[in-house]
Amino acid sequence: MVQMYNIIILLNLEDLINKYKICNYHVSKQTKTKTLQPPAFSHSPFSSPFTPHFPSSECLSTAMGSSPSRDAASNPASVDPPLASASAEPPHHVGLAVALPPPVDEKKDGVVDVNKRVDYLNLPCPVPFEEIQREALMSLKPDLFEGMRFDFTKGLNQNFALCHSVFMGSTEHPSQSGDIVKVPSSNYEFGANFLDPKLMLVGRLGTDGRLNGRVKCDLTENLILKINASLTNEPHYSQGMFNFDYKGKDFRSQFQIGNNAFYGANYIQSVSPHLSLGTEIFWLGHQRKSGIGFAARFNTDKWVGTAQVANTGIVALSYVQKVSEKVSLASDFMYNHMSGDVTSSFGYDYILRQCRLRGKIDSNGTVAAFLEERLNMGVNFILSAEIDHRKKDYKFGFGMTVGE
Amino acid sequence: MADVGKGSSLTVFSGDFVKQWTTWGMKKAKVIAHWGFIPLIIVVGMNTEPKPHLSQLLAPV
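Protein sequence lines correspond, in order, to chains P and D. Quick note on the UniProt record's numbering: the first sequence kicks off at 1 and runs consecutively. Quick note on the UniProt record's numbering: the second sequence kicks off at 1 and runs consecutively.
It is worth saying that the hints were derived from the structure and are not from the lab. Be careful, since some hints might not be right.
Claimed, not checked - Sample of chain D residues lacking proximity to chain P, with all beta carbon distances greater than 10 angstroms (derived):
#1 13
#2 16
#3 20
#4 37
#5 40
What the hints assert, rightly or not - With a cut-off of at most 30 angstroms between alpha-carbon atoms, the simulated DSS-like pairs for lysine-lysine come out as follows:
#6 P:182 - P:392
#7 D:19 - P:198
#8 P:247 - P:116
#9 P:289 - D:28
#10 D:30 - P:289
All C-beta atoms, glycine included, are put in the ideal place defined by N, C-alpha and C.
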């Protein structure tokens with residue numbers, strides 16, 4: 001669950017990063033395959049409706065397989081223009097072959113080109129391990145909320161901005177009887193962001209005294225230090241995590257240290273221009289739990305498929321198909337062996353000029369939709385709706401985001 | 001036997017000392033981070049070019 005909360009922070013932060021067009025944060029420019037287009041705009045970070053879930057041993061182990069992948073869910077990191085499918089012009093032939101037409105090296109959409117010889121020494125750098133399911137999470141997991149939300153970001157500088165956000169609505173607290181109890185709440189959060197190509201500092205301070213902070217620092221060109229922390233006044237409820245990321249030529253590795261003596265490491269390697277395989281392990285000191293997981297990601301210009309398996313009994317699969325420039329369809333399957341949960345969801349993501357609409361339907365009987373509409377330059381209107389037919393829970397929210 | 005007992009108790013004592021000292025350090029670091037992180041961001045931000053004015057920081061719009 002430590003991961004889960006960090007993911008919630010990071011989820012919104014990636015939107016913020018994209019706003020400031022930090023290109024070097026995630027996907028390196030060497031990627032030959034096109035990832036989905038980022039949204040033209042995004043709402044501001046640290047949406048208040050998310051009450052943090054404190055780590056508990058069961059939550060951490062069940063979340064292990066899926067939650068690291070939910071990290072940076074709405075990360076529209078690839079601001080690079082998509083590279084063409086045929087990455088190189090066919091070489092000009094001389095001699096006898098001049099009379100013959102050059103071989104057509106076209107890659108059919110969605111089909112892996114087998115004619116082109118693969119240079120195994122020059123594979124593209126894979127996406128970071130926690131972002132393996134990035135496209136599916138961007139489409140299927142918008143941050144749905146209930147109530148009213150208002151975010152105002154005031155930029156003082158190219159790199160520095162202050163942010164005020166107000167939330168009034170219900171938040172859910174799990175109660176003893178197992179039902180979800182909705183408690184009306186309101187909060188105000190003050191935040192400051194400093195974004196530099198080499199250093200990023202983001203902090204959010206709420207009225208209850210909770211500080212969510214994030215630091216990302218490029219120590220060298222390939223080594224990145226990230227710190228996430230959520231500090232409270234109550235003792236034993238604070239969390240922190242240090243990540244050291246190393247990016248190699250065609251691999252990425254990460255080492256994590258967190259509170260409660262949490263240690264984790266992951267590694268992902270490109271084995272072909274389209275396929276990358278990764279693995280992760282973690283060890284939780286205080287509860288003496290450990291786990292190992294494997295992941296694979298196959299992406300082409302038109303679709304992305306991922307699979308993740310963990311020894312905590314989690315299997316997570318996802319598939320995203322880009323139907324056109326504006327439309328993509330996503331599907332997701334998760335199986336938890338320990339609790340016997342099976343969940344599958346299907347969703348769509350329309351990225352249009354003035355709005356972004358995401359909708360999904362779930363095997364738990366929930367239907368959800370999320371709309372972000374651009375009313376004006378810097379003014380976004382947000383509507384969120386979620387209907388849970390099984391639990392008879394209806395959540396509707398609206399909000400506005402003001403600021404570049 | 002007495003020597004072994006003394007040696008092990010010394011190790012236990014120094015291990016305890018290190019643990020206590022790191023816990024003290026982490027507690028202090030947590031308090032410093034809790035109070036000082038947002039002011040740190042503001043100070044760093046106000047010192048980058050072009051320098052924003054203090055009135056811009058305090059005014060709501």
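Going down the list of hints, with the structure as the test:
no., hint, verdict
1, 13, "22 angstroms, holds"
2, 16, "17 angstroms, holds"
3, 20, "16 angstroms, holds"
4, 37, "5 angstroms, violated"
5, 40, "7 angstroms, violated"
6, P:182 - P:392, "13 angstroms, holds"
7, D:19 - P:198, "34 angstroms, violated"
8, P:247 - P:116, "27 angstroms, holds"
9, P:289 - D:28, "28 angstroms, holds"
10, D:30 - P:289, "26 angstroms, holds"
Violated hints, listed in ascending order, are 4, 5 and 7; each of the other numbered hints is respected by the structure.
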